[in-house]
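Terminal number for the sequence shown in my numbering: 259, no gaps in between.
Some hints could be false.
[What the hints assert, rightly or not] Below, in silico cross-link-like pairs of lysine-lysine (DSS-like), each with a Cα-Cα straight-line distance of 27 Å or less: (1) Lys150 <-> Lys80; (2) Lys83 <-> Lys181; (3) Lys116 <-> Lys183; (4) Lys177 <-> Lys128; (5) Lys90 <-> Lys189; (6) Lys193 <-> Lys242; (7) Lys90 <-> Lys183.
Simulated from the structure, these hints should not be mistaken for laboratory data.
Nothing here was measured: the structure is a model prediction, and the numbers come from that model.
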Amino acid sequence: MKKILCIICILLCIGCTQTKPEKIKTSNGKSKTYQFFKNFDIECYYISFFDRNVSKNDDTKIIMARDKEKYYYEIDGESRRVIIQKDNIKYTLNYNNKTYSKTESSIEDYTKGIIPKDIDKLKTEGYEKGKEKVYGNYYEYEKYKNENENSIYYFSNDKLKYIKYENALRSVMLKFNETKKKYDKTIFDISSDFTEITY
61 MKKILCIICI LLCIGCTQTK PEKIKTSNGK SKTYQFFKNF DIECYYISFF
111 DRNVSKNDDT KIIMARDKEK YYYEIDGESR RVIIQKDNIK YTLNYNNKTY
161 SKTESSIEDY TKGIIPKDID KLKTEGYEKG KEKVYGNYYE YEKYKNENEN
211 SIYYFSNDKL KYIKYENALR SVMLKFNETK KKYDKTIFDI SSDFTEITY
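Sequences are here, hints too, so could you generate the full structure?
In C-alpha cells, the structure reads:
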C-alpha cells in the first residue's frame, strides 16, 4: 500500500512540475489566449488587474479602458493616479489633492503587450506553450514573441490568471481581475472638483 501511495505522489509531482516548452506553429483558434480574447473589442473595453511586480499580495489596482479615441489608465495603490488621453491632450489627475495637469501629446498605449492588438491574427498566430511556476503555483502558459518582446499569458485550466510582458528595458507582471463590456463612460471626463495646475 505504501509503495502505491509513493508512486501516486511521484506521478502527481511530475504532473505539477515545469514542462518542456512546446512550439505551436499555427494555433487554428485553439489557444487559450485566443479563446479568452476572441470576443474582446479592442476599440471599447474596460480591463483591470492587480500589480504583481513587487509582491504577490500587492493590492494596487490597475485599470485600462478605451472608448474609441479616448484612453484611460489608473493606478490605485498607496496613492491614486489617473491618466486620460483624448483629443491629443494627456490629462494627469492626482486624486490626493484633486488637481490635474494637461499636455499636448500623441496617444501612449499602456496596454501594449498586455492586450493583443489584432485578434484575427491571434487566431492563427504561432506561440510557445508549457507549464511554469508563478508565485508558488504551476500554471499553463502561452508565450507570444514579437521581435524583442514577449507576451506571456498564464492559465489555470481555461481561466486567465496572469499576464507578463517583457522587452529589453522592462518586465511587467499583472494578475488578471476582470473585464467589462459595459462600464461608466464618464471616467473619461475631468471632474469639476479638480483644479488645473499649470507650469
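Now for the hints, and whether the structure bears them out:
1. Lys150 <-> Lys80: violated, 44 Å
2. Lys83 <-> Lys181: holds, 17 Å
3. Lys116 <-> Lys183: Roughly 31 Å between the alpha carbons, so the hint for Lys116 and Lys183 is violated.
4. Lys177 <-> Lys128: Holds: Lys177 and Lys128 sit about 14 Å apart, inside 27 Å.
5. Lys90 <-> Lys189: This hinted pair holds, its Cα atoms lying about 12 Å apart.
6. Lys193 <-> Lys242: violated, 34 Å
7. Lys90 <-> Lys183: Between Lys90 and Lys183 the Cα gap is close to 8 Å, so the pair holds against 27 Å.
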